[in-house]
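J.: Residue-level listing of the chains:
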Amino acid sequence: MSVELVGLALLMGLVTYPSRALPMLAPGLERLPAPALEYLRLVGPAVLAALAIVSVSVVEDPSGAQIFHVGIEWAAIALCGALTAWRRNLFVGLVGAVILVAVAREAGIAGIPI
Amino acid sequence: MTDDAALGESRRGLAVGALGIAVSAGGFGFVYGLAARDAGFSPVEAMAMSMFVFAGAAQFAAVGYVASGLAWPGVILLTALLNARHLLYSAALAPWLRDTPRPRRALMAHLLTDEAFALSIAHFERLGRADQRGYWIAAIGSTFIPWNLATLAGVTVGAQIPDPTRLGLDVVFPAAMMGLAVGLVTGRREVVAALGGAILGVAVSLVGGWGVGVVVGGLAGPLMGMAVPRAASPPVLPPDSEEGLP
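Taken in sequence, the protein lines are chains A and B.
Going letter by letter, the first sequence gives residues 1 to 114 in our numbering.
Going letter by letter, the second sequence gives residues 1001 to 1246 in our numbering.
Check the hints yourself; a few may be wrong.
Stated by the list, open to error - To give an idea of the chain A side of the interface with chain B (calculated C-beta under 7 Å), a few residues:
#1 Met12
#2 Ala46
#3 Glu73
#4 Val98
Unchecked claim - Residues from chain A that face chain B, not an exhaustive set, calculated with beta carbons under 7 Å:
#5 Ser55
#6 Val59
#7 Ala85
#8 Leu94
Don't read these hints as lab results, they were simulated from the structure.
All values derive from a computational prediction rather than experimental measurement.
No residue lacks a Cβ here, since even glycine has one placed at the ideal position from N, Cα and C.
Using the sequences and the accompanying hints, generate a full structural model.
T.: Have a look at this one:
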């Protein structure tokens, strides 16, 4: 059984821990400059949205080139976002997205990305 | 109402909230386990992520990065960026936990998630003081245990699922990212940061590759958001952070 990625998990944990612990352990650091706080507040939506949209929009063709892709996955993530906002429950959104894609592919309406 | 009665009532409210979060964390963790297995993670590797990183968005992102062949330094940088928001949560909880022994705070910090923060800060505010047991309920009961058990189930039982793509499971990662992004939007600045980050991310990805695009989008999106005038009503922020914002 592979354990190579355990090292990556440890390093990811190491870079995550300071942001969780520093203000709690050194209270003086809880007062970051206002622009830094505002930037950090916006990092979450920006990174997560970039991950979501890039994941469904950019695929690699057989020659290895990055190409733009539009498919049922777009509708699925839009549905997940809408359901999550409406029900305030991410799990509901995920279930809705998966069902939409599974049904569309089973019905032959949508294909599987490259 | 006596202090004991208030504590009991607030803990009951906390338990109800924690139950809902636990169901969500269980489902999400199971899907993470499936995605990790699909990306080639062994059960030990998937569990190590859930134990040591314990951050759903970063873990899902790591699955995508590893599957796409992104080098470790890129994965680590993006993890740090993606998890930087915990600074705000930690700063907001710090005044409440000032009297908690430092070693205990160090352990509490590792278990700090979006969910643990939301549940515990609401509990503390209801009580008007910190409640360590309440924090453990929020952090361990609602998230850590369900998340790890569900990861184990997903990464092991997932082997019985022959074609995850046919079942639509390939869309779980981007859908989860979108759902988490939506959950963090409280005003037009977040909307602009999200849209800007996504559009720039796609544009750069088409030229420079998936990993580069996400990094550029994630770094530039917040700057675009900050260029937008703030709405009349301020965003919902942790109490200490709110004072320092422009």
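J.: Which of the numbered hints are not met once you compare them with the structure shown?
T.: Hint 6 is the one this structure does not satisfy, whereas the remaining hints hold.
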